[in-house]
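Residue numbers are given in our numbering: position 129 of the sequence shown equals residue 129, and the series is strictly consecutive.
Derived from the structure by calculation, the hints contain no laboratory data. Misleading hints may appear alongside valid ones.
Computed list of lysine-lysine pairs in DSSO-like fashion (alpha-carbon distance at most 30 Å, straight line) [unchecked claim]:
| id | residue 1 | residue 2 |
| --- | --- | --- |
| 1 | K88 | K119 |
| 2 | K72 | K34 |
| 3 | K34 | K47 |
| 4 | K86 | K34 |
Here are the computed distance ranges between Cβ atoms for each label pair [as the list claims (entries may be wrong)]:
| id | residue 1 | residue 2 | range |
| --- | --- | --- | --- |
| 5 | M68 | S89 | 37 to 47 Å |
| 6 | E100 | W42 | 16 to 26 Å |
| 7 | P73 | H124 | 37 to 47 Å |
| 8 | D26 | H137 | 16 to 26 Å |
| 9 | Q95 | K72 | 16 to 26 Å |
| 10 | K125 | R98 | 14 to 24 Å |
| 11 | T33 | E62 | 13 to 23 Å |
| 12 | R53 | Y126 | 19 to 29 Å |
| 13 | A102 | N130 | 18 to 28 Å |
| 14 | R98 | E62 | 18 to 28 Å |
| 15 | P73 | K119 | 44 to 54 Å |
| 16 | V75 | P41 | 11 to 21 Å |
We put the beta carbon where it would ideally sit given N, CA and C, even for glycine.
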Amino acid sequence: MLYLSGGSKELFHSNFLYWLGVNYRDSFQELMTKMCCINAPWPEGWKVRREYRHLDLCITYEKDTGKMRSGKPVVEECAFIIVENKVKSLPELTQLRRYEQAFINHDCGCTYVVLSLVKDFSGHKYLNENTCWQIHHYD
Numbered sequence: 001m002l003y004l005s006g007g008s009k010e011l012f013h014s015n016f017l018y019w020l021g022v023n024y025r026d027s028f029q030e031l032m033t034k035m036c037c038i039n040a041p042w043p044e045g046w047k048v049r050r051e052y053r054h055l056d057l058c059i060t061y062e063k064d065t066g067k068m069r070s071g072k073p074v075v076e077e078c079a080f081i082i083v084e085n086k087v088k089s090l091p092e093l094t095q096l097r098r099y100e101q102a103f104i105n106h107d108c109g110c111t112y113v114v115l116s117l118v119k120d121f122s123g124h125k126y127l128n129e130n131t132c133w134q135i136h137h138y139d
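Model the full assembly from the supplied sequences, consistent with the hints where possible.
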């Protein structure tokens, strides 16, 4: 509980989702599938990560490239879901564009999600209609 409550409210929300993903994988998977409108099956061996590549939360997995190196299969790390948590500030397009680059060669159909407490803000419609980011609210 100490880990969850440490720091800001934004960290609390990200830490809680991480904790859920690590300790209650089925519940986390169900929640994220519904919240993020994911229709694709979840990849085997997915991992939930916190503050990985400067991202609040991401779900990654390893994908076989079909190549071999030193007699071993070569895998690449792919992103399945990237979550930017905005509790005390508003989403900024330049920041989101930077985050899109974190797995640019390996996003493998990644779902990009902004979780926000604010429902209406300047740029909300633009982000929803002109970027790969889905905006969801804590309600």
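Consistency of the hints with the structure:
A C-alpha spacing of about 13 Å is found between K88 and K119, which places the hinted pair at or below 30 Å, so the restraint holds. Note on K72 and K34: the hinted pairing is violated, with a Cα-Cα distance of about 37 Å set against a maximum of 30 Å. For a cut-off of 30 Å, the pair hint linking K34 to K47 stands: about 18 Å separates their Cα positions. For the proposed pair K86 and K34, the alpha carbon gap of about 19 Å is at most 30 Å, so the pair holds.
For M68 and S89, the Cβ-Cβ distance of about 46 Å falls inside the hinted range of 37 to 47 Å, so the restraint holds. Our hint of 16 to 26 Å for E100 and W42 holds, since their Cβ atoms are close to 21 Å apart. Between P73 and H124 the beta carbons are some 43 Å apart, a value that agrees with the proposed interval 37 to 47 Å. One distance hint, 16 to 26 Å for the beta-carbon pair D26 and H137, holds here, with the actual separation near 24 Å.
Taken as a hint, the range 16 to 26 Å is violated for the pair Q95 and K72, whose Cβ atoms sit roughly 37 Å apart. Hint check: K125 to R98, Cβ distance near 21 Å, so the stated range 14 to 24 Å holds. Distance hint check for T33 and E62: the Cβ-Cβ separation is about 20 Å, which falls inside the suggested range of 13 to 23 Å. The given range of 19 to 29 Å is respected by R53 and Y126, whose C-beta atoms sit roughly 25 Å from each other.
Under the hint 18 to 28 Å, the C-beta atoms of A102 and N130, about 20 Å apart, fit the expected range. Restraint check, R98 to E62: a C-beta distance of roughly 24 Å satisfies the suggested window 18 to 28 Å. Checked against the given bound of 44 to 54 Å, the beta carbons of P73 and K119, roughly 46 Å apart, stay inside it. Against the hinted window of 11 to 21 Å, the Cβ-Cβ separation of V75 and P41 comes to about 19 Å, which satisfies the hint.
Of the hints listed earlier, those the structure fails to meet are numbers 2 and 9, in rising order.
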